[in-house]
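These protein sequences, in sequence, are chains C and A.
Just so it is clear: in the first sequence, position 464 is 464 by the numbering used here, and no numbers are missing.
Just so it is clear: in the second sequence, position 175 is 657 by the numbering used here, and no numbers are missing.
Among the clues, some could well be false.
Claimed, not checked - As a list, the in silico PhoX-like pairs of lysine-lysine whose alpha-carbon atoms are at most 25 angstroms apart:
1) Lys625/A / Lys684/A
2) Lys676/A / Lys284/C
3) Lys366/C / Lys646/A
4) Lys428/C / Lys754/A
5) Lys754/A / Lys676/A
6) Lys15/C / Lys61/C
7) Lys75/C / Lys9/C
8) Lys754/A / Lys281/C
9) Lys122/C / Lys9/C
10) Lys428/C / Lys485/A
11) Lys366/C / Lys298/C
12) Lys676/A / Lys366/C
13) Lys9/C / Lys116/C
14) Lys538/A / Lys366/C
Everything labelled a hint here was simulated from the structure, so no lab data went into it.
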Amino acid sequence: MSPTASKSKNPLSPKERIKVPRQLMPEQPAEVRANNFDEVNLGYNPELAQQEALRCLECAKPTCTDNCPVGIDVKEFVQRIVIGDFLGAAAKIREANVLPAITGRVCPQEDQCEGKCLLSKKVKPLGIGYLERFVADYEQRMGTHIVPNAEPTGKKVAIVGSGPSGLTVAGDLIQKGHKVRVFEALHEIGGVLVYGIPEFRLPKQIVREQIDYMRQMGVEFETDVVVGRTVTIDELLEEEGFDAVYIGTGAGLPQFMNIPGEHLNGVYSANEFLTRINLMKAYKFPVYDEPMLDLRGKDVAVIGGGNTALDAIRSALRLGARKAYVIYRRSDAEMPARAEEVHHARQEGIDFQMLTAPVEFLSDGKGWLTAARCVRMELGEPDASGRRRPVPMQRSEFDLPLSVVVIAIGTTANPIVQSTTPGLGTNKRGYIQASEETQRTTRKGVFAGGDIVTGAATVILAMGAGRRGANSIHQYLTTGEW
Amino acid sequence: MFKIVHAQFLAPGIKRFVIEAPRIACKQQPGQFVILRIYEEGERIPVTIENSDPEKGTINIVVQSAGKTTNLLNTLETGDSILDVVGPLGKPSEIRNYGTVVVIGGGVGTAMAYPTAAALKRAGNRVISIVGARNRELVILVKEMREVSDALLITTDDGSYADKGFVTDKLRQLIENGTRIDLVVAVGPIVMMKAVSALTRKENIHTVVSLNPIMIDGTGMCGGCRVLIDGKSEFACVDGPEFDGHKVNFEVLVQRNTMYRTAEQQSMEEFKRLQTAETEEGAVCGATSSSRQGEQR
Chain C
1 MSPTASKSKN PLSPKERIKV PRQLMPEQPA EVRANNFDEV NLGYNPELAQ QEALRCLECA
61 KPTCTDNCPV GIDVKEFVQR IVIGDFLGAA AKIREANVLP AITGRVCPQE DQCEGKCLLS
121 KKVKPLGIGY LERFVADYEQ RMGTHIVPNA EPTGKKVAIV GSGPSGLTVA GDLIQKGHKV
181 RVFEALHEIG GVLVYGIPEF RLPKQIVREQ IDYMRQMGVE FETDVVVGRT VTIDELLEEE
241 GFDAVYIGTG AGLPQFMNIP GEHLNGVYSA NEFLTRINLM KAYKFPVYDE PMLDLRGKDV
301 AVIGGGNTAL DAIRSALRLG ARKAYVIYRR SDAEMPARAE EVHHARQEGI DFQMLTAPVE
361 FLSDGKGWLT AARCVRMELG EPDASGRRRP VPMQRSEFDL PLSVVVIAIG TTANPIVQST
421 TPGLGTNKRG YIQASEETQR TTRKGVFAGG DIVTGAATVI LAMGAGRRGA NSIHQYLTTG
481 EW
Chain A
483 MFKIVHAQFL APGIKRFVIE APRIACKQQP GQFVILRIYE EGERIPVTIE NSDPEKGTIN
543 IVVQSAGKTT NLLNTLETGD SILDVVGPLG KPSEIRNYGT VVVIGGGVGT AMAYPTAAAL
603 KRAGNRVISI VGARNRELVI LVKEMREVSD ALLITTDDGS YADKGFVTDK LRQLIENGTR
663 IDLVVAVGPI VMMKAVSALT RKENIHTVVS LNPIMIDGTG MCGGCRVLID GKSEFACVDG
723 PEFDGHKVNF EVLVQRNTMY RTAEQQSMEE FKRLQTAETE EGAVCGATSS SRQGEQR
């Protein structure tokens, strides 16, 4: 893993590179952005990007690439940034990743590429996510170059769900010369990228641009189709002439806590809360018709410690909440959210109530939420997840006055496709059984990947599954072998 | 875009639309519904499917003016389009030969009860239908219901048509007359379904009701439509919309349906204000809605 300087276009020696500080991401000041939905991070300019790129040690065996779920050639794209070939860098990323402007913004880089960056043994890791985002945005501004697709194969693939997994499969297969049609249940393309992740973390314009790019590549999209209800997998294969189907329907149903008061007005699932805001634009009511509860001057809490929880509570803050709490039953160390989001949330003034869990939601007697009755927790022995199990502390009960609570404790499998597709195997939790290497399900010609196979995970893991799925579908379509 | 091939008022404020939606027309089964959105800034609302014609590729929906979206929808005419129509959603009604079934439709709920009554009749049941409405004008689908029922009983709250009273009065008479009832299906206002369920619980008659909570996606994703069934949370869009009426917590359903009352009133007032302004300018509301439709597909 020693740095190689042989073919390097980097003028700095490895020792000099370590001395260059990690270039800070320009961002909106916390007190300003807490009042708007504009993106928090503003992005590198070319100078910052080139300065940051100089820090890459150009390892002979780059662990960053090994740790990328889609295997982006990080060293090569960063080298192209060093010499100012930004479009070349973008093209390099696109070989492995069809949605770089998105992953550059939402990947948990600290757990993946940057987590294994050799620099991080001594200094801060290379800002790989920031660089990826920079080249993707640069390419977008310059006009994306469409890589021609391979010769048409005459094969047709249906993709169920237009989230990150389905879009990855679509982008990969269209390049290989197959016809691709993506079915989406909602009225907008993008799945969790449009209904789940808020504007301030992933502007919807970015998602639309990526999807327009895919349209230009020839991918067809059909909205308002709930596969399993509007059309079944069997009908797609037998009546509509598709040669293969990829199921990427996402995790689906929000989990509730099954504690008293969850049906009170003012208690939301994170999915509903975020869908109203992101997809339905309820925060622009009455210009948009979909309503949501007025949060101005109200005290709001989210239950949970993942990215979804932080997305919800930071949205509540932007909608005028007076107090905005994160209630999480474990400690900082166990929080699954992206490090940058936690950091940003703290800057914005989100109040983290760690080692705390609600046991009941209290009402005004007329069906409206007034408070969460909570207990404090301490960490005991590790549980099945390997994390220390939170245990309630005796006599620690207290009431936190709240007008709105958002429950963000995870999701369970959406059953619609499974229950309408005979022979499609599922696991105990209702997720679709699929091979980890090939994404093949128990049904011939049917592949699946992303959250509907693994349970709720990240955008990039869903894309990784999509990439494997696309390769596997291509192999199936060209050999006919199952 | 989904084209309206025919639009017709069935009663004041209640309109039937025949819509080109070939995929949905092929799949629709009794008990299911669609979600629609009229224009880019519009909300998503669940709407009853009254019938479908797979050969023509059309579905019939029936809409009662209540809030802004339904009022706006009911200004649309033959030849206009609806931006999004998705479905059929929800589990279909469980159709088999139960014996004697009483199908109750209250107000616009009759449109949802009709396909279920028809399917139950086809499955060999003796179907007794009860249709109730506030007054004569609001009694809908009498001809259709009569065609699929062995007997049709009609009530109006004010007695302006058929018998004065409520659907529960008719149901009670049937029970008191010793009619053997194997199943009751009730679709209509929450208060009606609650009253029917209370009556049949005492008589131990299995009762199915179709619930109408606030919904967004209709695929189970948002959890907004959760209802309390036997003390447990279920989602009306994927676990329902039909549930055992004896297990439904109707109070929670009523309470949750009031969640956005303030916003709904604000939207409605804005809608009325705009309509008045447009009428003064001589403009047609349908034209406004289509001009508000943004880029799609």
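Going through the hints against the structure:
Note on lysine 625/A and lysine 684/A: the hinted pairing is violated, with a Cα-Cα distance of about 32 angstroms set against a maximum of 25 angstroms. A C-alpha spacing of about 36 angstroms is found between lysine 676/A and lysine 284/C, which places the hinted pair above 25 angstroms, so the restraint is violated. As the CA atoms of lysine 366/C and lysine 646/A are separated by approximately 34 angstroms, the hinted pair breaks the 25 angstroms bound. Restraint check: the Cα-Cα separation between lysine 428/C and lysine 754/A comes to about 52 angstroms, which exceeds 25 angstroms; the hinted pair is violated.
Under the criterion of a C-alpha separation no larger than 25 angstroms, the hint pairing lysine 754/A with lysine 676/A is inconsistent with the structure, at around 32 angstroms. The hinted pair formed by lysine 15/C and lysine 61/C meets the criterion: a straight-line CA distance of about 19 angstroms does not exceed 25 angstroms. About 12 angstroms separates the Cα atoms of lysine 75/C and lysine 9/C, which keeps this hinted pair within 25 angstroms; it holds. A threshold of 25 angstroms between alpha carbons decides the hint, and for lysine 754/A with lysine 281/C the separation of about 22 angstroms falls inside it, so the pair holds.
Proposed proximity of lysine 122/C and lysine 9/C is supported: the alpha carbons are some 23 angstroms apart, at most 25 angstroms. Distance restraint check for lysine 428/C and lysine 485/A: the Cα-Cα separation of roughly 43 angstroms exceeds the 25 angstroms cut-off, and the hinted pair is therefore not satisfied. Simply put, lysine 366/C and lysine 298/C have alpha-carbon atoms about 18 angstroms apart, close enough for the 25 angstroms limit, and the pair holds. For the given pair, lysine 676/A sits about 19 angstroms from lysine 366/C by alpha-carbon distance, which is consistent with the 25 angstroms threshold.
A threshold of 25 angstroms between alpha carbons decides the hint, and for lysine 9/C with lysine 116/C the separation of about 23 angstroms falls inside it, so the pair holds. A distance of roughly 49 angstroms separates the Cα atoms of lysine 538/A and lysine 366/C; the hinted pair therefore is violated under the 25 angstroms criterion.
Checked against the numbered hints above, the structure breaks hints 1, 2, 3, 4, 5, 10 and 14 and satisfies the rest.
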